[in-house]
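Chains as they are written, first to last, in the numbering used here: chain A, 1 to 72; chain B, 1 to 185.
Hint data in this document are derived by calculation from the structure and do not stem from the laboratory.
Computed from a predicted structure; not experimentally measured.
When the alpha-carbon atoms are kept at most 25 Å apart in a straight line, the in silico BS3-like pairs for lysine-lysine are as follows:
(1) 15(B) - 70(A)
(2) 81(B) - 100(B)
(3) 15(B) - 71(A)
(4) 61(B) - 10(B)
(5) 45(A) - 23(B)
(6) 23(B) - 70(A)
(7) 45(B) - 23(B)
(8) 138(B) - 45(B)
(9) 10(B) - 45(A)
(10) 72(B) - 158(B)
(11) 23(B) - 71(A)
(12) 46(A) - 138(B)
Chain B side only, calculated, beta carbon under 7 Å to chain A, not exhaustive:
(13) 31
(14) 41
(15) 73
(16) 131
(17) 147
(18) 182
Using C-beta positions, here's what the derived DEER-type ranges look like:
(19) 61(A) - 168(B): 43 to 53 Å
(20) 138(B) - 6(A): 22 to 32 Å
(21) 10(B) - 20(A): 38 to 48 Å
(22) 18(A) - 60(B): 37 to 47 Å
(23) 59(B) - 20(A): 44 to 54 Å
(24) 23(B) - 3(A): 17 to 27 Å
(25) 17(A) - 47(B): 31 to 41 Å
Virtual Cβ for every residue (Gly too), placed ideally from N, Cα, C.
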Amino acid sequence: MARPIRETPILFGEDARRFLEAMQNVKPEPPEVRARILRNYELMKKAYERGMADQRAREEANGGVDPWFKKV
Amino acid sequence: MVQKGVNLSKLSFIKIRSSYSVKDFTCGDPDLDDFIRNRASEFQKHLLSVSYACADADTGKMLAYCSLANDKVAMGDFKDKIEFNRFRKKQGFPNEKRLKSYPAVKLCRLGVDVSAKGCQIGTTVLDCIKAMFFFDNKTGCRFLTVDAYLNAVPFYEKNGFRFMNAEDDDPHTRLMYYDLMNLVA
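Here chain A stands alone, though its shape is the one from the complex:
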């Protein structure tokens, strides 16, 4: 049985103070990291369009079931 994911806690005291301070002092990503994130986003958007279109085609060819996945 998979371990449950811990819920995000309500922050109090020192944790809350540190969190608010970090929010007010944002650390902008360096330009090369921001550019990489944008590049990967564009790559994954294309992968998503391709992935969903290909899945529809596989389902049409296999009686509504995508053989890449297990039907539950």
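Add chain B to chain A, keeping to what the hints say.
Here is chain B on its own, set in the frame of chain A:
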């Protein structure tokens, strides 16, 4: 773009419907593998999370998996949890003691198949999630949150995540967050 056997330009990224579950996927952590292969669809069925799979577009081999859910980061005007719990027992929350909260998205699970480890696919998926909620945000979301397995903590730190609590003694995971304002140019 070819890196260590995985062609990142030949990926399929698929939103998994609740009637499907991932097969032939091993990230090396039995707990996470069990969730991904056997339990993720239940969460999806009850609208508690949405799962995505990243596969090789040619072979269908599953390379990465992630699931997301809405979350929030809340702060209380209390010294600690004991004071908060004492207060909760009273009826009603007066304005001066209300909680402050900020919208977030929880990265419930993120796993990379052992065959694709070291190929930057985890970072690619994480970058995509960050960008989805920053450049293409539909509802308002300030933070990504994650309950990171201890062995994954260096990965999240490298990707700009910070610890939620100064003291966290959970034996398995650490609560971490990423501020999407870091992406403002």
